[in-house]
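Listed in order, the protein sequences are those of chains E and G.
According to the working numbering, the stretch in the first sequence is residues 1 to 270, in order.
According to the working numbering, the stretch in the second sequence is residues 1 to 277, in order.
Read the hints as simulated data drawn from the structure, not as lab findings.
Nothing here was measured: the structure is a model prediction, and the numbers come from that model.
Be aware that a few hints might be false.
Said to hold, decoys possible - Part of the chain G face toward chain E, derived, beta carbon under 10 Å: (1) Lys84; (2) Arg86; (3) Met89; (4) Phe93; (5) Lys195; (6) Gly198; (7) Thr242; (8) Arg244.
What the hints assert, rightly or not - Sample of chain G residues lacking proximity to chain E, with all beta carbon distances greater than 12 Å (derived): (9) Phe20; (10) Pro44; (11) Ile57; (12) Leu59; (13) Tyr68; (14) Ile85; (15) Gln88; (16) Thr103; (17) His115; (18) Asn117; (19) Ser149; (20) Ala157; (21) Asp172; (22) Gln250.
Using N, Cα and C, we set each Cβ at its ideal position, and we do this for glycine too.
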Amino acid sequence: MVVEQIGASTIATVAETGQFARFIWRSLKSSVSSLFRGKTWPLVFTQMLIIGVKSVPVIMVTGAFVGMTLAFQAYDQLAGMGLGEHIGILINLSVVSELGPVLSAVMLSGRVGGALTAELGTMHVTEQIDAISSMGTDPVRYLVAPRILACLLLTPVLIVYADLMGSFGGYAISVWFFKINSQAYWQFTAYGVTLWDVMVGLTKGFFFGAAIAAISCYKGFNCKQGAQGVGQACTEGFVVSFIAILALDFAAAIISKSLYSIFYPIRSLI
Amino acid sequence: MAEIDKDSGIIITKDLTKIFNGKAVLEKLSVAIEKGKTTVVIGPSGCGKTVFIKHLIALLRPTAGEIYFKGQRIDDLHERDLGKIRMQMGFLFQGGALFDSATVYENILFPVRQHTNIADRRQLDEIVKSKLAVVGLDGYQSYYPANLSGGQKKRVALARAIALNPEVVFYDEPTTGLDPVRSDVINELILKLKKELGITSIVVTHDMTSAYKISDRIIMLHKGRILADGDAEYIKNHPNDTVRQFILGQVSEADLAALRVSGTKFASQFNPKDFEQ
Numbered sequence: 001m002v003v004e005q006i007g008a009s010t011i012a013t014v015a016e017t018g019q020f021a022r023f024i025w026r027s028l029k030s031s032v033s034s035l036f037r038g039k040t041w042p043l044v045f046t047q048m049l050i051i052g053v054k055s056v057p058v059i060m061v062t063g064a065f066v067g068m069t070l071a072f073q074a075y076d077q078l079a080g081m082g083l084g085e086h087i088g089i090l091i092n093l094s095v096v097s098e099l100g101p102v103l104s105a106v107m108l109s110g111r112v113g114g115a116l117t118a119e120l121g122t123m124h125v126t127e128q129i130d131a132i133s134s135m136g137t138d139p140v141r142y143l144v145a146p147r148i149l150a151c152l153l154l155t156p157v158l159i160v161y162a163d164l165m166g167s168f169g170g171y172a173i174s175v176w177f178f179k180i181n182s183q184a185y186w187q188f189t190a191y192g193v194t195l196w197d198v199m200v201g202l203t204k205g206f207f208f209g210a211a212i213a214a215i216s217c218y219k220g221f222n223c224k225q226g227a228q229g230v231g232q233a234c235t236e237g238f239v240v241s242f243i244a245i246l247a248l249d250f251a252a253a254i255i256s257k258s259l260y261s262i263f264y265p266i267r268s269l270i
Numbered sequence: 001m002a003e004i005d006k007d008s009g010i011i012i013t014k015d016l017t018k019i020f021n022g023k024a025v026l027e028k029l030s031v032a033i034e035k036g037k038t039t040v041v042i043g044p045s046g047c048g049k050t051v052f053i054k055h056l057i058a059l060l061r062p063t064a065g066e067i068y069f070k071g072q073r074i075d076d077l078h079e080r081d082l083g084k085i086r087m088q089m090g091f092l093f094q095g096g097a098l099f100d101s102a103t104v105y106e107n108i109l110f111p112v113r114q115h116t117n118i119a120d121r122r123q124l125d126e127i128v129k130s131k132l133a134v135v136g137l138d139g140y141q142s143y144y145p146a147n148l149s150g151g152q153k154k155r156v157a158l159a160r161a162i163a164l165n166p167e168v169v170f171y172d173e174p175t176t177g178l179d180p181v182r183s184d185v186i187n188e189l190i191l192k193l194k195k196e197l198g199i200t201s202i203v204v205t206h207d208m209t210s211a212y213k214i215s216d217r218i219i220m221l222h223k224g225r226i227l228a229d230g231d232a233e234y235i236k237n238h239p240n241d242t243v244r245q246f247i248l249g250q251v252s253e254a255d256l257a258a259l260r261v262s263g264t265k266f267a268s269q270f271n272p273k274d275f276e277q
């Protein structure tokens, strides 16, 4: 009986993964071909407004709190070792390479991901997605591709805002509150935080954005009937997006470290 | 009974079978839908009527069997190629399925914008106006679906379904949830589309009044198979008990027995003295 259940749930999981993989493939194909079709750009711009522009305030608040809290917690440890002035590297490196991208992505997953799943889920249960198919239009190209493109292109931009506010928040607490020397703060930061770190953070943003949009849209397209179905899809969408973000972040850490060690010796030649 | 040529028809299904979770919802259905006529599919709830009609526009794919539209096989076509086929079809969903965030005007123009290059504002206005006039709702262009009644939503959805002048229109329970007068409006519209535009209609319904009024042919589905197939007169006089019970709206004796409370059928659960203070 137990073996049966384990077997059944394993089969179901594999089937779901396969269905999701096919959906992602279809969405990415549509997204790439949409890039070259003028007709879809108005749809993309509308999504960019909803997903990107309207998320800026909340992303900035997220970044600010991250920077301030980090500064507050780190100061005692560093000052105790006489390394108070190094706090600049700690805060800015953490914000730019990890905290900024990951926490912005999680914030977006909650805000944008939930809205996408709810919107597409409701369209699915009221047969609007079937209606789009019945009128000869591909619903993935019409609904999903603009959302994935908007999320993919704007998440790095939003991460820039988060990094900026994180940096500023950390500066505010370190220099104005703990009275660290401002020049020392920025000198150490410049020494430790390189363009590579910033770019890795922003590149991660592309993948996070694509993952959030793809997972949320998939959950919306495949939710069960009724209000409960939509609600369940939103919850599952957020949880899976969150885990995907953490997994992608881990993969990015491994890949960026390997790439760095390969290219570091020849840095001076580039 | 009218003789139907199994090999000619605008839509033909051959041994159409659909299995959901091990249960056969449709079993070896072979039907030829005639062009220019109205075919009504009736049957008890859950007998597979909506599943059947969704197969004809390839929103669902069969587990086995073939579906042909104008001689071309459509059940194994890629989504991309189905687009051209679907432009010749219209589908009226049970709830209308209008896009909530768009006005009536935007809704009706959706298929036009997707499949034609018409950009002239006046021409687009004309198209919307004429489609809304067909369904008697000219003037409602700037309304949102949330501000329309159930009957109005269905009529706008019908206007959207005929926006590209399709040859075939599918109706999924068009009169369900409407009052008798509004139901008759929909019946009249289906008849009008057939008479004036020569549209082939396939209607799924369990409204027998509507079925008798609009149909040239009635097909009754029961447990995934065709139980009866003929014109209105033939169905009204059909000898099969299940068919007669369905069209007259009567519960069978077996089901009635199951509804009775234990004891005699007049046993009540409460006595008058239970309610005395």
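Structure-based check of each hint:
A hinted interface residue such as G:Lys84 counts as satisfied when its beta carbon comes closer than 10 Å to some beta carbon of chain E; here the least separation is about 7 Å, so the hint holds. For G:Arg86, the suggested interface contact is upheld, since its CB lies about 4 Å from the closest CB of chain E, less than 10 Å. Among the interface hints, the one on G:Met89 holds; its C-beta lies about 7 Å from the nearest C-beta in chain E, closer than the 10 Å criterion. Annotation: G:Phe93 was flagged as interfacial toward chain E, and the flag holds, the nearest CB pair being 5 Å apart, inside 10 Å.
With a least beta-carbon distance of about 24 Å to chain E, the hint placing G:Lys195 at the interface is violated under the 10 Å criterion. With a cut of 10 Å, the hint placing G:Gly198 at the interface with chain E is violated, because the nearest CB-to-CB distance is about 21 Å. With 10 Å as the threshold, the beta carbon of G:Thr242 stays out of range of chain E, its nearest partner Cβ sitting at about 29 Å, so the hint is violated. Restraint check, G:Arg244 versus chain E: the minimum CB separation of about 33 Å is more than 10 Å; hint violated.
With a least beta-carbon separation of about 14 Å from chain E, G:Phe20 lies farther than 12 Å from that chain, consistent with its non-interface assignment. The claim that G:Pro44 is not at the interface with chain E holds, since no C-beta of that chain comes within 12 Å of its own (minimum 20 Å). Against the 12 Å criterion, G:Ile57 falls within the reach of chain E, whose nearest CB is about 6 Å from its own CB. Distance to chain E contradicts G:Leu59 as a non-interface residue, since its nearest Cβ pair spans about 6 Å, not more than 12 Å.
Once the 12 Å rule is applied to beta carbons, G:Tyr68 is consistent with being away from chain E; the minimum gap is 18 Å. The Cβ of G:Ile85 does not lie farther than 12 Å from every Cβ of chain E; its closest approach is about 8 Å, which violates its non-interface assignment. Residue-level check failed: G:Gln88 sits 9 Å from the nearest beta carbon of chain E, not beyond 12 Å. Consistency note on G:Thr103: stated as away from chain E, and its beta-carbon is indeed over 12 Å from all of that chain's, at 15 Å minimum.
For G:His115, the shortest C-beta to C-beta distance to chain E comes to about 6 Å, within the 12 Å cut-off, and the non-interface label is violated. With a closest Cβ-Cβ approach of about 10 Å to chain E, G:Asn117 is found to fall inside the 12 Å limit, against its non-interface label. For G:Ser149, the non-interface assignment is confirmed: its Cβ lies about 17 Å from the closest Cβ of chain E, beyond the 12 Å cut-off. Chain E draws G:Ala157 into its interface by the beta-carbon criterion, the shortest separation being 8 Å against a cut-off of 12 Å.
For G:Asp172, the shortest C-beta to C-beta distance to chain E comes to about 9 Å, within the 12 Å cut-off, and the non-interface label is violated. Its beta-carbon lying about 31 Å from the closest one in chain E, G:Gln250 satisfies the requirement of being farther than 12 Å from that chain.
Checked against the numbered hints above, the structure breaks hints 5, 6, 7, 8, 11, 12, 14, 15, 17, 18, 20, 21 and satisfies the rest.
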